[in-house]
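With these hints in hand, go ahead and build the complete structure from the sequences.
Residue numbers (our numbering), protein chains in the order written: chain A, 1 to 118; chain B, 1001 to 1110.
In case anyone wonders, no lab produced these hints; they're calculated from the structure. Just so you know, these numbers come straight off a predicted model, no measurement behind them. Hints are not guaranteed to be accurate.
As the list claims (entries may be wrong) - Going by beta-carbon spacing under 10 Å, a handful of chain B positions derived as facing chain A:
{"#": "1", "residue": "Gly1030"}
{"#": "2", "residue": "Gln1040"}
{"#": "3", "residue": "Leu1048"}
{"#": "4", "residue": "Tyr1051"}
{"#": "5", "residue": "Phe1064"}
{"#": "6", "residue": "Ala1082"}
Note that beta-carbon positions come from the ideal geometry of N, C-alpha and C, so glycine has one too.
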Amino acid sequence: EVQLVESGGGLVQPGGSLRLSCAASGFIVSSNYMNWVRQAPGKGLEWVSIIYSAGTTYYSDSVKGRFTISRDNSKNTLYLQMNSLRVEDTAIYYCARDESSGWHLDQWGQGTLVTVSS
Amino acid sequence: QSALTQPASVSGSPGQSITISCTGTSNDVGIYSLVSWYQQHPGKVPRLMIYDVTRRPSGVSNRFSGSKSGNTASLTISGLQAEDEGDYYCCSYAGANTLVFGGGTKVTVL
Chain A
1 EVQLVESGGG
11 LVQPGGSLRL
21 SCAASGFIVS
31 SNYMNWVRQA
41 PGKGLEWVSI
51 IYSAGTTYYS
61 DSVKGRFTIS
71 RDNSKNTLYL
81 QMNSLRVEDT
91 AIYYCARDES
101 SGWHLDQWGQ
111 GTLVTVSS
Chain B
1001 QSALTQPASV
1011 SGSPGQSITI
1021 SCTGTSNDVG
1031 IYSLVSWYQQ
1041 HPGKVPRLMI
1051 YDVTRRPSGV
1061 SNRFSGSKSG
1071 NTASLTISGL
1081 QAEDEGDYYC
1091 CSYAGANTLV
1101 FGGGTKVTVL
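In structure tokens form, the structure reads like this:
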């Protein structure tokens, strides 16, 4: 069974850092395009970042220079390192798979909540 | 990376058909046939309903269909059912290795 399980969310002060993890089972992370998508409380979905199977990474303008997407092939796990966090980064963060590399997200994790507040 | 434009809400009676529009620009929806649609029930994870403008993943009802004309994509739900209530988001490849979502549409079954 294909499954994505996020962890690492929590409460952090503005300017702080947090690392999210997304453990995959049932498929190989490094063979797929993997994404992070976030959803602020009561708001819509916002694409955050992608890592290609080749390892190339891209980011939305809102997080570029502050967030880093990566993966550990030995652990079949995706990560999102978030630095210089702002109040507006408060959201549920979902990892999502794009199996066919066709820019659509066919499998989503349950999400992990990140709250940035003093 | 401006969000795609969707109506805030759409409603219909059981059995009716409704259509949700998704307006982008010539830099995203208008130039790429890489539009997808996601359904999200309250407190739940988004679910892929349509991809590549018109294609349905396995397991998605054929009551859901997609189309595109110019810079606007559309999702049509026919034979509306109570279980179709929820939020719907369009999404498009926006070039430069990025995705852009719409603001979301709340579907209400009257």
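Are any of the numbered hints broken by this structure? If so, which, sorted upward? 1, 5 and 6
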